[in-house]
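A.B. asks: Below are the chains, spelled out letter by letter.
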Amino acid sequence: MVRFENVGMRYGTGPEVLRDITLRLDAGSFHFLTGPSGAGKTSLLRLVALAERPSRGLVSLFGEDLSRVTRAALAPLRRKIGIVFQDFRLIPHLSAFDNVALPLRVAGVAEAKLRDNVREMLEWVGLADKLDAKPPTLSGGQQQRVAIARAVVARPKLLVADEPTGNVDDAMALRLMRLFEELNKLGTTLIIATHNAALARGFGRPVLHLENGELAATATARAAS
Amino acid sequence: MSAPGLAIPFGRDGSSRFLPALTLLMVFLAGLALAAVMDLERALARWDESLTGTLTVELPAATGPNDKSLDAALAVLHAAPGVKSATPIDSATTMKLIEPWLGTSLSPADLELPRLIDVRLDPSRRTDLAALRAKLTEAVPNAVLDDHQVWLDRLAHFARSAEITAIAILVLIGGVAVVSVSFATRTGLAVHRDTIELLHLMGARDSYVACQFERQALRLALIGGVIGLVLAAAALLALSQATNAVAFLGDSVTLLPALHLRGWNWAVLAILPVVAGLVAMATARLTVLTTLRRLP
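Protein chains in written order, with our numbering: chain U, 1 to 225; chain F, 1 to 296.
Wrong hints could be hidden among the right ones.
Unchecked claim - In silico negatives: residues of chain U with every beta carbon more than 10 Å from chain F:
{"hint": "1", "residue": "Arg-56"}
{"hint": "2", "residue": "Ala-128"}
{"hint": "3", "residue": "Asp-169"}
{"hint": "4", "residue": "Glu-182"}
{"hint": "5", "residue": "Ala-197"}
{"hint": "6", "residue": "Arg-201"}
As the list claims (entries may be wrong) - Simulated restraints on C-beta separations:
{"hint": "7", "chain 1": "F", "residue 1": "Thr-165", "chain 2": "U", "residue 2": "Val-109", "range": "53 to 59 Å"}
{"hint": "8", "chain 1": "U", "residue 1": "Ser-67", "chain 2": "F", "residue 2": "Ala-267", "range": "52 to 58 Å"}
{"hint": "9", "chain 1": "U", "residue 1": "Thr-137", "chain 2": "F", "residue 2": "Ala-267", "range": "46 to 52 Å"}
{"hint": "10", "chain 1": "F", "residue 1": "Ile-271", "chain 2": "U", "residue 2": "Gly-28", "range": "55 to 61 Å"}
Keep in mind the hints are simulated off the structure, nothing from the lab. Where is the CB? At the ideal position from N, CA and C, for every residue including glycine.
Based on the sequences and whatever the hints tell you, model everything.
C.D. replies: Okay, here's the thing in structure tokens:
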């Protein structure tokens, strides 16, 4: 599903923020990505989410070597990836329904076809009664659940979440993690960045640990296992 | 659930307020410039039409009651092929022509007025003006045959210069519109960077994002354009009234050509907001596509 070989990444002409990253995420796997602030978690997730290109090394996604994929061909690949952000990134003037429907509209799905799908997703995250609510009227936990519904509505093969529990309380964090587990059981590959090592350990999933832009050896070994 | 709207919250940035005001001004100025171009074309054609086929013969003032130069000139004119009529302009009419400049206190006796003959040509026949001029000066030395060509040439030159200026203004307005829309779009792209990146990461093609900006640019440009057109039409109607009022003064003397737009002229002006909308749309699209190409 995801393969990195000796990947390095820098922003512009700055120093490398990721160095010699080698990892493999198999289809259907569920990994946590941990590390202190500034370790490169977000940069690594941005590479996986096709938000950035590596400065060196090989990145392969869904069996495609990205160095050989044209810019235009990246859009269909991105539709196979769902992303959950720490700050939710909901569009404030759109209703919860329209926010969740956005990936389907972007993919050109007809309105008649997407309605049931979007309702079903909002029901799944427990927000069936908030279809018309605008994000600013929702609590942090509700907003993150809308964001999760949006990330999975197009049935992505890979879900990338960057500190999805960073802005919610512990009870809500646990509830969101249960949603991610459910998704994983349905076959979605997950990689979740968190600074909460205890939370990651509590789920007994492989952990990729980043320090100063490099993967800690033990964690890498565990990830590849 | 409402009908799907634009994903990008354009209402939250200043370019949404800036673009209609800009388009309003552009369409207003373009409307005036375009009206000037169209009316100058019409005025030039009218001047050409009214002066073509006429000549004026100017004879020196009569030297006395036995001066036969007017009869001699009329005889030459009546005998010339292609001349339909030759009518002497009496001194009363000549006085009326110079009245706006010299007033009414003078009488013909106070002035040594040249005598004028209004000559009409038969448009179906060719008139040899050089031969006619030669015969006239032979019959009446110092007779002047004026075919108005110098006047017409000057008018045409003036009209063409004014037209070129108006067209240059139109081109300039178009250029400024393109630059301004491009600037507003770039501002919008910067303001909505996060939403655009979100759409990009969802797998939106560049054309999807560009379409959002296009729709917004078209909507705003049409709003501003329609208001600009209404204001331009009001200004043109007021100008038309004003020039008509000036033309009416002095009866036969018109200081300014009366502004008179025809039906098709108004139809052309009515297209301006649509053109403004399309220019804004195309500029927004091009700007967005060029900018997004920098994203991975």
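A.B. asks: Now tell me if each hint is right for this structure.
C.D. replies: Now the hints, each set against the structure:
Taking the minimum C-beta to C-beta distance to chain F, about 15 Å, the non-interface status of Arg-56(U) holds against the 10 Å cut. At roughly 13 Å from the closest C-beta of chain F, the C-beta of Ala-128(U) stays outside 10 Å, upholding its exclusion from the interface. With a cut of 10 Å on Cβ distances, Asp-169(U) stays outside the contact zone with chain F, its closest approach being about 25 Å. The claim that Glu-182(U) is not at the interface with chain F holds, since no C-beta of that chain comes within 10 Å of its own (minimum 22 Å).
With a cut of 10 Å on Cβ distances, Ala-197(U) stays outside the contact zone with chain F, its closest approach being about 27 Å. Listed as outside the interface, Arg-201(U) is consistent with that label: its C-beta sits roughly 29 Å from the nearest C-beta of chain F, beyond the 10 Å cut-off. Between Thr-165(F) and Val-109(U) the beta carbon distance is about 54 Å. The supplied range of 53 to 59 Å therefore holds. Hint check: Ser-67(U) to Ala-267(F), Cβ distance near 57 Å, so the stated range 52 to 58 Å holds.
Between Thr-137(U) and Ala-267(F) the CB atoms are about 49 Å apart, so this pair conforms to the stated range of 46 to 52 Å. Between Ile-271(F) and Gly-28(U) the beta carbons are some 60 Å apart, a value that agrees with the proposed interval 55 to 61 Å.
In this structure, every one of the numbered hints holds.
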